[in-house]
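Visitor: Here is what each chain is made of, one letter per residue.
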Amino acid sequence: MERIENVLEVKNISAFYGPIRAIRDVCLEIHENEIVGLVGANGAGKSTLMKAILGIRKCSTGSVVFMGRDITGTSTPEIVSSGIAYVPEGGGVFPFMTILENLQLGAVHYKGDINERLAETFERFPLLKKRQQQQAGTLSGGQRQIVAIGRALMSRPKLIMFDEPSLGLAPKVVEELFRLILDLKEEGYTILLSEQNARKTLQHAGRAYVFRTGSVILHGASAELLDNPEVKQAYLGG
Amino acid sequence: MEAFISYLISGIQLGVLYGIVTIGFNLLILVTGILNFAYSNLLVLSMYAGWVILGATDSIMIAAIGTVLSGVLINAVLTPLFLPFIKKHMHLEALVISIGISLISVEIMSHWLNLGLPIAFPRSIQMSDSAIRFGLASIGIGKLITLLLGILLLFVFFQFLYKTKRGRILRAVTQDSEVAEMLGISIPKTMFFSFALGGLLAGIVAILMAVSLGSASSELGDNITLMCLAILFLAGIGNLKGGLICAIFVGTVEGMVMGYLPGDWTKAFAFSVILAVLLFKPEGIFGTQH
Amino acid sequence: MTLFQFYFFEFSAIYILIGWAVYLMFRINQPYFGSLYSMCIGAYFAAYSAINWGWPVWLVLMGAVVVSMLFSLIPAFRLARLGPFPMVIASMAILFIIQTAAKNIDILGGNYGLFGMPFIPYHILLLITYGFLLFIGYLVYHLDQSHIGRAMDAIHFNRDMAATLGVNASSLSVQFQVISSAIGGLAGVLYAYTMGGVFPGAFSLSFMLHAITIVVLGGMFTMWGVIISAPVLWSIGHFLPENMTGLSVIVYGILLIVMLLIRPSGIIDRRLTKNISELRRAIFKTFSRHT
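Chains as they are written, first to last, in the working numbering: chain P, 1 to 238; chain H, 1 to 290; chain E, 1 to 291.
To be clear, the hints were calculated from the coordinates, so they are not data collected in a lab. Every value quoted in this text rests on a predicted model; they were computed, and no experiment measured them. Among these hints, one or two may not hold up.
To be verified - Coverage of chain H stretches by chain P, computed from C-beta distances (three or more under 8 angstroms per stretch; other residues unrestricted):
#	region
1	36 to 48
2	184 to 194
3	246 to 253
Claimed, not checked - Beyond 12 angstroms from chain E on every Cβ pair, some chain H residues (computed):
#	residue
4	64
5	65
6	92
7	138
8	145
9	200
10	275
11	277
Ideal Cβ positions, reconstructed from N, Cα and C, are used throughout, including at glycine.
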């Protein structure tokens, strides 16, 4: 049975990037414990939507409701501490800091015992434990993604947003990454996944939204979208 | 030989103080992207504040606390002048503002405070009467104490920066403020904090300078700015550790040279160093790493 | 004409010249104050050549402009690559080094400077000054309106993007450094003749603040702003009570900060000049219709 309460509900938001309207009238909802994909070309507004949810881009209209609470216009620190974590494009690790420090920065707002979270993260990613004193700038692209995911998990978030996680990674690493995202879903996390790799996203996400020039043009269950002729032609290469 | 050692120690002492001030400059550059040209003039202004408090209360303890507080306060109060420009990345305008502030503060010190005369701290706080003598040379206790306190301050500062949560947040913002913001770190708060922290460092250095120099004048700030900018560009903007190494080197050289060249030429020499580095190695010796 | 009026007109013109020289470099986002040390060089060259060699005015003018242009060429190619921060610091460094040299070289009179230049009647000096002002003004206006003006805009907003449009920012910077130094050298000669000589204290850092204030206050995106701000600022410095001489720096500083905070583009910005030219066109139209 589907839960009625949504984790995240985005209602008719528009946001500007300078004088240009980057997203217009976007509606989106994410249910408890599902993977929602955002599909679309580079610059279609996926990143802007995530930044608007985080409160980094101010929305000119509309509202964002997270866990039944209206968070429109709230400050980013507050939104993050209410349980949204973000994995930026390319991982966004701090290159001149150690892995350990990167992980600790994920828990800036975590109220409980950080060491416990660290132990749990190290258990999940033994590699990070081994290299915890290594500078993050020396890691490979895939390893940076792992650090970024570990960092996001440090705050025990309700919702994790991934921005182009597979960008620039080798196919084998992408495979592992998506497996990891599925694992996270199995553990009960709710996930918003923005990707240019439409096929992979639709194969893993339960539902998806298709973006074009700042608007949602299609949405629905992934299986349906995979069969949709328009999606096939534009995003799946015919 | 004894004289050499005495010069060396006072040179290193000077270098350590330069190093701390350079860190103050760098801190603001790293966190906010602006070069606060007025920083050392404001440092000297808090020396003046300490001097006034010392005259009024006759208590070294209260004056010391007052100096540090005024260092923090002056820097914190001026922060709102810079914030609008930092937000819009108008770094040049912010630099012009800080040049304006620095000239205003120099003007206030050279015309309004103490009738524009240099201020002198009582000899007792300098502890220059008791000195360690070796052979023909001697070195004041005050100098030694400030040297040790300066090193201690540097140690504490780097411990703070590398071992505490606040320090980690500060470094995160300097490395990638966009990602830091996405992790829920408040950028305006961190900027404000870096101004106040810079003020704290300036306040403490003001005390150390009062003890080691025994006097202050409106020109002192300009001289410190000059040397610290030379160090800043020599080491590479934003490089804390490289800045420290260069500061100790420059301080030592200045300590040695001061006796042999007239004051004006030392300054011109410092400016020539700045110019040469800018023209031939704009990224500095150590580059801009963290 | 009273002495005060003479000084007012003369210094206004000199500071407008300096303002334009600084403005050109601001336009390409390189706050270079070479015009200021060129002014120092020009003034010293004028004083020295007029007193010791007995050169006439026109020869002094030509000599000073050539010398300051040549001097500015020495660091020009290196400076051309610098960003705004290092540029400010580098200009400051050169200004300071030249000031120190002037103070310490005996034949230049040390701290007292060089005085005793031949006297030029006020009205002739004013005539020369305003002749040059019009000429330089025409030149700057022409630069602004030409394709170089558009290249300047491109560089100001994005130097890398300008490069992709085929604008060579470095070579433009070198040219502008030389032009603005020539203007500076010219202003220096006029300054020296006005004062009857020159002394090193005139070219301190607060002189640089004065120049920055003129450009920022007037508006750094058009050439017209300095025409208003230069005379106004000079007057402020001279209408303050005698016992508050130090106050002028404070007033400049405060004006600078307030202006940047409330109207960063200065008194006269692009929009204002555009509105004025539209208004002029409208008035002209109605006027011609009635006659």
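Visitor: Determine whether the non-interface label on residue 277 (chain H) survives the test: each CB of chain E must be over 12 angstroms from its CB.
Guide: At about 9 angstroms from chain E, residue 277 (chain H) fails to clear the 12 angstroms cut-off, so the statement is violated.
Visitor: Are there three or more residues in the region 246 to 253 of chain H whose C-beta lies closer than 8 angstroms to some C-beta of chain P?
Guide: Coverage by chain P is violated for the region 246 to 253 of chain H (0 residues, Cβ < 8 angstroms).
Visitor: Minimum Cβ separation between residue 92 (chain H) and chain E greater than 12 angstroms?
Guide: 5 angstroms, violated
Visitor: Taking 8 angstroms as the Cβ threshold, is the statement that the region 184 to 194 of chain H is covered by chain P upheld or broken by the three-residue rule?
Guide: Satisfied; 3 residues make the cut.
Visitor: Over 12 angstroms from every CB of chain E: does residue 138 (chain H) meet that, or does the non-interface label fail?
Guide: 33 angstroms, holds
Visitor: Examine each Cβ of chain E, and state whether all of them lie more than 12 angstroms from the Cβ of residue 65 (chain H).
Guide: Correct as stated: the minimum Cβ-Cβ distance to chain E is 29 angstroms, above 12 angstroms.
Visitor: Check the non-interface label on residue 200 (chain H): least C-beta distance to chain E beyond 12 angstroms or not.
Guide: Given a closest Cβ separation of 24 angstroms, the condition holds.
Visitor: Over 12 angstroms from every CB of chain E: does residue 145 (chain H) meet that, or does the non-interface label fail?
Guide: 34 angstroms, holds
Visitor: Is the Cβ of residue 275 (chain H) farther than 12 angstroms from every Cβ of chain E?
Guide: 4 angstroms, violated
Visitor: How does the region 36 to 48 of chain H fare against chain P when you require at least three residues with a CB closer than 8 angstroms, holds or violated?
Guide: violated (count 0)
Visitor: Does the no-contact call for residue 64 (chain H) survive, Cβ to all of chain E over 12 angstroms?
Guide: Check passes; 29 angstroms lies beyond 12 angstroms.
In summary, the numbered hints that this structure violates are 1, 3, 6, 10, 11.
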